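Going down the list, the protein sequences come from chains H and S. Following the numbering used here, the numbering of the first sequence begins with 1 at its first residue and continues without gaps. Following the numbering used here, the numbering of the second sequence begins with 1 at its first residue and continues without gaps.
In short, the hints are calculated from the structure, not lab data. It is possible that some hints are incorrect.
[What the hints assert, rightly or not] Pairwise CB distance ranges, derived in the manner of DEER restraints:
hint, chain 1, residue 1, chain 2, residue 2, range
1, S, Leu-270, H, Ala-2, 49 to 55 Å
2, H, Pro-117, S, Pro-240, 55 to 61 Å
3, H, Gln-178, S, Gln-380, 33 to 39 Å
[As the list claims (entries may be wrong)] Not close to chain H: a few residues of chain S, all C-beta gaps over 10 Å, as computed:
hint, residue
4, Val-26
5, Trp-90
6, Ala-96
7, Leu-326
Predicted model, so just to flag it, every value in this text is computed and none were measured. C-beta: ideal position from N, C-alpha, C; glycine also.
One-letter residues, chain by chain:
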Amino acid sequence: MAPVVELRDVRRVYRLDGTEVHALRGVSLAVEPGCFLAVVGPSGSGKSTLLHLMGGVDLPTSGEVLLFGQPTHRLGDAHLARLRLRRVGFVFQRFFLLPMLTLEENVMLPMLEAGVPARERRERVDRLLAYVGLQHRRHHLPGQLSGGEMQRGAIARALANGPALLLADEPTGELDQQTGREIGRLFARIHADGVAVVVVTHNPELASLAEHVLTIRDGRLT
Amino acid sequence: MVWFLARRSLRRHRTRTLLLVTGVVVSGALLFDMTMLGEGLTTSFAAVLGRLGYEIRVVPRGVLPLSSDFLIPNASRLATRIASHPGVLWASPMIATQVYVSARGRRVTAVAYGLRPEVAGIVRVEDGTGAEGGLVVNAALSRTLGLRIGERVILASRVDPQTGAPSSAIALRVVGFGEFPFDLRGQRTLAAPLDALQSLVGVQDGASFLVVKVRRGTDPEVVRAWVDRTFPDVQALSIPSLLRAVRTQLRYFDHFSAILSGVSLVVAVLLVGTVLTLQLGGRLAELAALRAIGLARARLVLLVLLEGAVVAGVSMPLALGVGLLLSGPLDAILRAMPGVPQDLRFFVPTAQAAIRTVALLLAAGTLGAAYPAWVAGTLQIAATLHREVL
Chain H
1 MAPVVELRDV RRVYRLDGTE VHALRGVSLA VEPGCFLAVV GPSGSGKSTL
51 LHLMGGVDLP TSGEVLLFGQ PTHRLGDAHL ARLRLRRVGF VFQRFFLLPM
101 LTLEENVMLP MLEAGVPARE RRERVDRLLA YVGLQHRRHH LPGQLSGGEM
151 QRGAIARALA NGPALLLADE PTGELDQQTG REIGRLFARI HADGVAVVVV
201 THNPELASLA EHVLTIRDGR LT
Chain S
1 MVWFLARRSL RRHRTRTLLL VTGVVVSGAL LFDMTMLGEG LTTSFAAVLG
51 RLGYEIRVVP RGVLPLSSDF LIPNASRLAT RIASHPGVLW ASPMIATQVY
101 VSARGRRVTA VAYGLRPEVA GIVRVEDGTG AEGGLVVNAA LSRTLGLRIG
151 ERVILASRVD PQTGAPSSAI ALRVVGFGEF PFDLRGQRTL AAPLDALQSL
201 VGVQDGASFL VVKVRRGTDP EVVRAWVDRT FPDVQALSIP SLLRAVRTQL
251 RYFDHFSAIL SGVSLVVAVL LVGTVLTLQL GGRLAELAAL RAIGLARARL
301 VLLVLLEGAV VAGVSMPLAL GVGLLLSGPL DAILRAMPGV PQDLRFFVPT
351 AQAAIRTVAL LLAAGTLGAA YPAWVAGTLQ IAATLHREVL
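From just these sequences and the hints, can you work out the full model?
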């Protein structure tokens, strides 16, 4: 089977205050469908940049990122956004649930954008909230939830349109150890259900749940 | 989804949104008032002219449209010739002059119209009959002299300055009370039979102007052009041409309303722009996350533009209501100016004025959201998310 995402000699250079910052220096890797990959490394090593390139929210300076076989640098913004909406799920360190929406509305948001019919939306929200164990919190605003609940809600939102690839950037970075452990178990379950999961983390316990652990240092995989 | 999000985003900071809406309501109310002022005078003038019951006014060539200082000689003959046009129902001479009115030992001046029975629209009779057999007087005149229906009054065209005796006078009875649409505030006015007034002022078959009623289905402009062509000593003015003439004379009202409309629009644009830009600054990471989960750039731009439009939309009914409330006192202030006919209104609420205000306010809301929409559209997703975590 073709990789869900593949990086070929990818370089990413930023300009910061007139200085060139080499975030990635010739990275090549392939994420196979249904695999669980953890990317670890020190701060500033390029982990998040790697994740952003994989998800098509950033484009390489050189090299090629193939997302579901399609080179991201050749896709227009609308096409790339559609690809992310339907086939990629994002989980962030700071959750980024919209504070003015209830939990179920947050989970419903990607479905609304994808044009999922109302009845199916309701069914999917029920299923997803049950999946992450938050049915009883569906009408709560994010401000009324704990950190762990918010992250579980954000994971439910990332799974809203049934993605084949879930990308998580430091998903336990804002959580205590116990809650982080629960989130780790949730990722393992998602992986077991056949979704390819890529987690960027500093958390060795979370990384230990992955099938493969890649270490990145100074923009290079080691 | 963007519609849903736009509404919810504005409800997030309720106080801020409420203050913004209040500002836009004030701006929109002023905009509505200025739109009404721009169109109201013409609309009101057209309504008054429409009630007069004629479509064309014929005046001596070279005089101002509403002047009555010069007389048209042989007016009956001219009226007969104009009435011979197949599109004309009737043509009638009229005199407008100043007279002295005496009754119950008192004497005052008044504006007098001499007219034939067919020119009924010039006076709105509220009690009694029309001016065929006597005088119809307005409230100001009847109040000043304490007149009653059936009462005999003396009209004089001149009064000897030494003796105070009228040099030319006729006696007529009051047959009705009525209102004249072009009366100035407090003006004393009467309508009398045309021949009586002609004999009073000593003009045999003279008229200040002629009024012409066209047949149903006839374009008044055609008759107007024919009169202009056929009779070189007079000029014909249709209601639209009268309106144009009045509009030209009152051009400064247009300028005034255009400037204040512009100012209120700019204020609305700046208000919406400033508040939405501030709100956007506090949720850049959220917007970047929305982009990451699959919202295209164009949709994010649309979301912010819609937020501006929603602010304008929410403000609209209140702006129209407040504008309508304010227009009453503003109208009263302007109508209190000297020389303004009492039936004329400066602020006339019309569907057209409301539609124009709604459209301009929506445009202002959307335009105000243009800058924050541009900021949202050019947002770098990865850099913004990265910055948020640091």
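A quick look at each hint next to the structure:
{"no.": "1", "hint": "S:Leu-270 <-> H:Ala-2: 49 to 55 Å", "in the structure": "53 Å, holds"}
{"no.": "2", "hint": "H:Pro-117 <-> S:Pro-240: 55 to 61 Å", "in the structure": "56 Å, holds"}
{"no.": "3", "hint": "H:Gln-178 <-> S:Gln-380: 33 to 39 Å", "in the structure": "35 Å, holds"}
{"no.": "4", "hint": "Val-26", "in the structure": "26 Å, holds"}
{"no.": "5", "hint": "Trp-90", "in the structure": "68 Å, holds"}
{"no.": "6", "hint": "Ala-96", "in the structure": "68 Å, holds"}
{"no.": "7", "hint": "Leu-326", "in the structure": "34 Å, holds"}
No hint from the list above goes unmet by this structure.
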